[in-house]
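Enquirer: Could you put together the complete structure from these sequences and hints?
These protein sequence lines map, in sequence, to chains A and B. FYI, the numbering for the first sequence is 1 to 447, going by this note's numbering. FYI, the numbering for the second sequence is 1001 to 1463, going by this note's numbering.
Quick caveat, the hints were computed from the structure, so don't treat them as lab data. Accuracy of the hints is not assured; some may be wrong.
Which chain B residues face chain A? A few, computed with CB under 10 Å, are given here [unchecked claim]:
| no. | residue |
| --- | --- |
| 1 | F1062 |
| 2 | K1074 |
| 3 | K1181 |
| 4 | H1340 |
| 5 | P1341 |
| 6 | S1439 |
Just so you know, even glycine gets a beta-carbon here, dropped at the ideal spot from N, CA and C.
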Amino acid sequence: MTERIDLATPAEKAARLLSAMNMDFFDVYVVYSRSLSIGVLGRGIRDAKSRIDLGLGVRAYKNRGLGVAFSQSLEPEDVEETVDRAVRFARAAQPDPYFKGIPGPSKAEDVPGLCDKEIICLTLEEAGELVKRMIDAAEEVRHGAMYRGGMTVGYSRSYLLTSTGVSIEMEKTSVSAFIEPTYRRGDDVGSSYEYDYAVSLAEIDFEAIGRKAAEKALEQFGSRRVKSGTLPIILTPDSTSSFISGLMLAISGESAVKKRTFASRFLGKQIAPQILEIVDDGTIPGAVASSPYDGEGVPRRLTKVVGEGRILTFLHNSYSAGIAGVETTGHARRDYRGYVGAGPTNVRVKPGDSSLEEMISETRKGVLVTNASLIPNMVSGEFSSTIDEGFLIEGGEKKHPVKNLMVGGRILEMYRNIELISKEGRTIGKGFFFPSIKISRVKLAGG
Amino acid sequence: MKDLLEEIVDEGLKAGASFCEARFFEERGNRISVENGVAKALGFGIVRGVGVRVIVDGRWGFASTNVLTRRSLKEALADAVGAAKSLAKRHGEEAEIIDVKPAVDTVHHKVRVNPEDVSPEEKVKAMLEIEKAARVFSERVKDTFVSYRDVSTKVIVCNSLGTLVEETTPRIHVHCTVISKRGGNMQVGFESIGNVSGYELVERIHPEEFSGRAAEKAVRLLDANPPPRGIYTVVTDPKVGGLFVHEAFGHNCEGDLVFGGQSIVSDRMGKRVASDMVSIIDDPTQLRNGHYVYDHEGVRAKKHIIVKDGVLVSFLHSLESAAKMGCEPQGSARAQSHHHPPIVRMSNTYFAPGDMTLEEILEDIKLGVYLSGSQYGYVETQKGQFTCKVEQAWLIEKGELTVHLRDVAINGATLEALKNVTAVGKDLKIEMPGICGKSGQGIYVDAGAPHMRFEGIVVGGRK
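Expert: Set out below in structure tokens:
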């Protein structure tokens, strides 16, 4: 599904135009991507889609002022207008006192396994067959659900060129699948979802996704309200993922170093018991969030983010690193629209020595949280979220599903109250790893 | 471009499509970011391309491209036809559309001041003035941000029903965020304004009222308390009511989710779904952020009454959902860009006003919570469970607002909540310009409500 679109020529043209405009720094980022997707709605497959996307983005700096422009057309006149706007805007922008420059070239180790030929060669007909398998597997568990979901495969190639001498071309494939069956029994609803994503098609088990989604949906029948109280909760890997990603966002880039997040004050400080260790590794072969270089051409690396419960570093791009007076950690993120942020790659929480089964059996009364968005207010760190899917635990046993139950508090209090981490967990896309986590006490608001 | 789109549609029919649509999309926009008194970044972007959608052998196929050559568009058509054919033998939802009278029209929304005629320097100056009003509000103000965006969106819809409609819509958005700080306590306040408009919208902003209000919220939240937990009578302001009507109920009335089995009201047409005080309207004809004249299938927009006096009277429809459900098309299909097929979307959604004042709504509440300003909300339509996060709240004691509260969210079952509406104010405001996400597509919307009273809502908090 790929064709060889020339990215270098428009990028070099833009760079030549920028060089002649007397900018202090600039970079040009061009991306070509192609994706195929199959959509599911209602009783089964609904549509098939094919997309070609192409874009060129420019960052230009003059007297520390930033001008950004992008175009989805690589026609010469559009490239010229894009450069012209970026230059004009850089001149109109005011000096950003924190800006120190953009990175120069450095050589990264190759990260193998990021491009899957099977994905590149996949046809929509074959993709339709994979989605059918996912639905059939759900139907085998229980016939008659209404569905929402689908799958997407994609290929992308990017080219980065900077005034500091960086010239990098990277390519990558991706596949994602998702299905959400809904069963009805009178007024009662059983609904849940399952997903997976990866670099290579072979890593996705479509039947397992369909089967698990249906099983999880059926478990949601008979949900009941739970009274307000302060109880332990157990996060399964999918809710651990949400819990951890809030912290990762809060320690990323400009907001973290400009002291605008709840975690800003805690660099070098203990936020959780010593059992908590989190690493970020953008160099894992074949992993979904791996790449040889970040969005500014800086080599990816393994970064221990939390060690023995202590925040060891923030995740930087060159801008935030410049403010903090440290080296960038290679966490720049960008697309062709020009703005560069910072964020995690493959996040891995170190397994503990407990197990989900033990956590449940040792809980007299608590809630098993299988799906919840636990992202707090990034500034205050306070949160109040609905447990979208969960189960009451009583006498060490998983009982009925819960409904209209909310969890709230300060997210860092939840980190302090981490009691157990399981040895088993879920690996996603060969890169992310999330275990189950038991939190000793959390405030719950219910019926 | 129109000729090329018509050529593609003709070729689609020749290739065996029973329906073919070629849609050109172009969005040009400028951005300015001001942070703590420095306009540190200015941006510009062009999004442009064509999406081709077909029905072949009872299946939908869709393809899009940014490359606007005849050859590339023909390849996109071939991809779309191939996509539909690849599903021809698969079990699934049969693709169909309702036959409508074709529309041929060109619409340009008039503006007083074209943003392209205002220099970047002048825009920067205006944003700095807006930002300054927040920064000087108090010593407790730590950081101030103002973002400006002007965007002009051109859509040309050409389809095999004979429709050929072009609409160009200008929009302006200004957003102010303020972070306040005292010791380790940091809070955030924000304000935003946005509409289908030219630059005149910016000229009408009074910085002290707009960004000053964001700063005031951020600073006052430093002294606010955590909310109580449990079930309360709540009074919602126009923004919280707007968030609720859009998230908790509106999505359930989108025709594609209804025929796709994802709505809790799919079998409630003509039945009572709310207290008889409640009427719900979606109106793309109102000049608010969700305004348009034609939807992205080329159907003329009209005002939709969804719930009348508590009874469900209509859903929102695309050509497809109208055909599936035997209804009239409602002009409610829109797409984020050429890369997305049109799906059913809300526009300007609101609770219709009643006849009470806020004082009358509050007066007989012994203990409750007054909710003000919306942060975000989401709904699991198939379960009918909603969550709304609000900016700030106050305890209601004996009809009076007393303790200031922060980090408040509410949760509940949509239909239970709507049946428990016991008061509706007369002070309707539709002032929530934003972008709503659905199925990976973001679309311009607005929402609002008068003050309203709901009984038995779960309030989450850490007290």
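Enquirer: Each hint should be assessed against the structure and marked as holding or not.
Expert: Here is what the structure says about each hint:
| no. | hint | in the structure |
| --- | --- | --- |
| 1 | F1062 | holds (4 Å) |
| 2 | K1074 | violated (13 Å) |
| 3 | K1181 | holds (8 Å) |
| 4 | H1340 | holds (9 Å) |
| 5 | P1341 | holds (7 Å) |
| 6 | S1439 | holds (8 Å) |
Hint 2 from the earlier list is the only one contradicted by this structure; the remaining hints agree with it.
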